[in-house]
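K.L.:
Protein chains in written order, with the working numbering: chain L, 1 to 138; chain B, 1 to 163.
Do not take every clue at face value.
[Unchecked claim] Okay, derived cross-link-like pairs now, BS3-like style, lysine-lysine, Cα gap no bigger than 27 Å in a straight line:
| # | chain 1 | residue 1 | chain 2 | residue 2 |
| --- | --- | --- | --- | --- |
| 1 | B | K151 | B | K4 |
| 2 | B | K151 | L | K127 |
| 3 | B | K43 | B | K151 |
| 4 | B | K4 | L | K89 |
| 5 | B | K42 | B | K145 |
| 6 | B | K4 | B | K43 |
| 7 | L | K126 | B | K145 |
| 8 | B | K42 | B | K4 |
| 9 | B | K4 | B | K145 |
| 10 | B | K145 | B | K43 |
| 11 | L | K89 | B | K151 |
| 12 | B | K151 | B | K42 |
[What the hints assert, rightly or not] Derived Cβ-Cβ restraints for the label pairs, each shown as a range:
| # | chain 1 | residue 1 | chain 2 | residue 2 | range |
| --- | --- | --- | --- | --- | --- |
| 13 | B | P48 | L | R48 | 36 to 46 Å |
| 14 | B | G125 | L | R129 | 37 to 47 Å |
| 15 | B | Y32 | L | S102 | 18 to 28 Å |
| 16 | B | Q3 | L | R48 | 52 to 62 Å |
| 17 | B | P48 | L | G138 | 16 to 26 Å |
[Stated by the list, open to error] With the C-beta cut set under 8 Å, the calculated list includes, among others, these residues of chain L facing chain B:
| # | residue |
| --- | --- |
| 18 | E36 |
| 19 | S76 |
| 20 | A105 |
Source of the hints: derived by calculation from the structure; they are not laboratory data. All C-beta atoms in this analysis are idealised placements derived from N, C-alpha and C, irrespective of residue type, glycine included.
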Amino acid sequence: MIRDLPDDARVLLEQALFVSHSGLLLRVDDRGVVHELFGNPAHWSGVRIGDSLGRTLAFAQTLLMETGVDAWNFVSDGDGGHAHVWRRKSGEHTWMLLIDASGEAELRRLLQQRGNTLHIENERLKKERDARDDQRRG
Amino acid sequence: MLQKKVCMLGSFGVGKTSMVRRSVHSMFDDAYLSTVGVKIDKKAMDSPEAMTLMLWDIAGRDEHQDINPSFLRGAHACLFVVDGTRRETVDVAISIRADFDEMLRGSACVVAINKGDLTDDWEIGQEDETRLRSLSNSILRCSAKSGDGVKAVFDAIARAALA
Chain L
1 MIRDLPDDAR VLLEQALFVS HSGLLLRVDD RGVVHELFGN PAHWSGVRIG DSLGRTLAFA
61 QTLLMETGVD AWNFVSDGDG GHAHVWRRKS GEHTWMLLID ASGEAELRRL LQQRGNTLHI
121 ENERLKKERD ARDDQRRG
Chain B
1 MLQKKVCMLG SFGVGKTSMV RRSVHSMFDD AYLSTVGVKI DKKAMDSPEA MTLMLWDIAG
61 RDEHQDINPS FLRGAHACLF VVDGTRRETV DVAISIRADF DEMLRGSACV VAINKGDLTD
121 DWEIGQEDET RLRSLSNSIL RCSAKSGDGV KAVFDAIARA ALA
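Isolated chain B (complex conformation) (with noise of 0.2 Å):
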């Protein structure tokens, strides 16, 4: 069985967590547990083509603790995911990318703006996503809470990891 490696990157307390269980496992928790280190998990995907998504659930990036290169080596694709009620997560995925250019530049990208349920106190606005268009060209919102998007996340990702 073919297998892909997709490390799923972004600010901490983005969903990066919620949407691996809410696609592998379709469950969802409101309880914020903030991920240490990596979670390894499976998703078997049968489009474009029968594969396995070794997913890297990485430690989100916040003030005192940075992303462990040695989690990243040998990526095929990332899936940055922002929160769009938070528009500093943005810059932190745009920054995360500029650092660590060298380990990813083999990598397809694809982000994903999360929490599509919060629309009231939504922040990202065009011009962010403008500017997110300097990691992917494949920008799609989706809500891990409610399940919307979070399939066609899981699509781009698979394509972007096979291309």
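The following block holds chain L by itself, in its conformation from the complex (with noise of 0.2 Å):
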């Protein structure tokens, strides 16, 4: 698919995969055994050609067995990266196109989780008034 893009989208494409060093484009098989690489695979668990997702990248994997879906934001394994994940079946093949979302990630996670707390913090507060009032109706 990348070869048949292009001279100069192709030198984009190439260029955005691995001067960020945050992406990777794969094709794979239906078992998720990988056939082609672009990108930087160091920054993903070392992934090779001839590598099967489910040992180096299993969140890959699993993506790859969904159906009815092609994109999804801010997938994580659950070691601490995340990724954004593209997905497009071509022919007998799969080419999945993984970001690197860790930095956002880790930006959301911090005003989420402030937000987060302040919220329960705001409903303990609240009922301890309530309990207060009550006590003093009562």
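Both chains come to you apart, so use the hints to assemble them.
P.N.:
Dropping the structure here:
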């Protein structure tokens, strides 16, 4: 697929994948075996041609088997890293594009966590206030 | 190996991630770490038959963000988690089920009432449990902190995923 792009577009895409060190484009078969890759595999568990995604990028293997959806934001396999993932079926193979979203996810987590913690604290204070009011009345 | 997709749903801070950590890694951490997007984990089950549960631990619903519907598609079962010390998390669980009714219609559901170790702060009563029956008849209490009841919850979700 990437080879079929016009030269200028292909160069731009390859630069984006390589220069940012954060992208990986994979061509995999139905069993999740990698046949082709572009980008920076060292950033992605060192995945290599011939590897099974199940051993190196387990979340990508899971997404490969999903039906009805071809794009997922902020997916993690629990080790802390997050990725945005796109998938496109092409004949007997599937192309998967993974973009590292870990920085963006951490920023989002910090904001979300601050908001959630404040929300829970507000709930607790409101309950205490209500309990005091009940005591006063009763 | 048979694989079943299980989505974990509920309000933020109810303990979805802690339940996965307890069940899959036998670990618990008191520190609250909010989930972003989805964390996908695997749990091997040998009963009622050998299978792998693909656990999609989905970021909880809060005031500012909703659940990403693309995470829910194809779920064999949903585990709704509520916090026994926060009654409002019952409403959130019920509203999630209603809002994604069409997408979740084919998925079996189980409800886990977490934080069973905090009985002094318990807010959920019989009336709330009755309301939760609109989600599932399978309602179990557990504590991700102590581990009590967590195995029973995942056994129930495995049975539900097979049904």
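K.L.:
It remains to establish, for every hint, whether it holds in the given structure.
P.N.:
Now for the hints, and whether the structure bears them out:
For the hint pairing B/K151 with B/K4, the CA-to-CA distance comes to about 17 Å; that is within 27 Å, so the pair holds. Distance check on the hinted pair: B/K151 and L/K127 sit about 32 Å apart at the alpha-carbon level, beyond 27 Å; violated. A threshold of 27 Å between alpha carbons decides the hint, and for B/K43 with B/K151 the separation of about 11 Å falls inside it, so the pair holds. At most 27 Å may separate the alpha-carbon atoms for a hinted pair to count; B/K4 and L/K89 meet this at roughly 22 Å.
A distance of roughly 20 Å separates the Cα atoms of B/K42 and B/K145; the hinted pair therefore holds under the 27 Å criterion. Restraint check: the Cα-Cα separation between B/K4 and B/K43 comes to about 10 Å, which is no more than 27 Å; the hinted pair holds. A hinted pair counts as satisfied when its Cα atoms are at most 27 Å apart, and L/K126 with B/K145 qualifies at roughly 25 Å. Using a Cα cut-off of 27 Å, the hinted pair B/K42 and B/K4 holds, with the two alpha carbons roughly 10 Å apart.
The suggested pairing of B/K4 with B/K145 holds, with an alpha-carbon distance near 26 Å, which does not exceed 27 Å. For the proposed pair B/K145 and B/K43, the alpha carbon gap of about 19 Å is at most 27 Å, so the pair holds. At roughly 38 Å between alpha-carbon atoms, L/K89 and B/K151 are farther apart than 27 Å, so this suggested pair is violated. Only pairs whose Cα atoms come within 27 Å are accepted, and B/K151 paired with B/K42 is accepted, the gap being roughly 15 Å.
Roughly 38 Å separates the CB atoms of B/P48 and L/R48, a value that falls within the hinted 36 to 46 Å. Here the CB-CB span from B/G125 to L/R129 is close to 21 Å, at odds with the stated 37 to 47 Å. Evaluation of the 18 to 28 Å hint for B/Y32 and L/S102 yields a pass: the beta carbon distance comes to about 20 Å. The hinted window of 52 to 62 Å between B/Q3 and L/R48 is violated, with their beta carbons roughly 25 Å apart.
The hinted window of 16 to 26 Å between B/P48 and L/G138 is violated, with their beta carbons roughly 51 Å apart. Among the interface hints, the one on L/E36 is violated; its C-beta lies about 24 Å from the nearest C-beta in chain B, farther than the 8 Å criterion. Evaluation of the L/S76 hint against chain B yields a held restraint, the C-beta minimum of about 5 Å falling below 8 Å. Hint status for L/A105 relative to chain B: holds, with the closest Cβ pair at about 5 Å, below 8 Å.
Going down the numbered hints, you'll see the structure goes against 2, 11, 14, 16, 17, 18, while the others check out.
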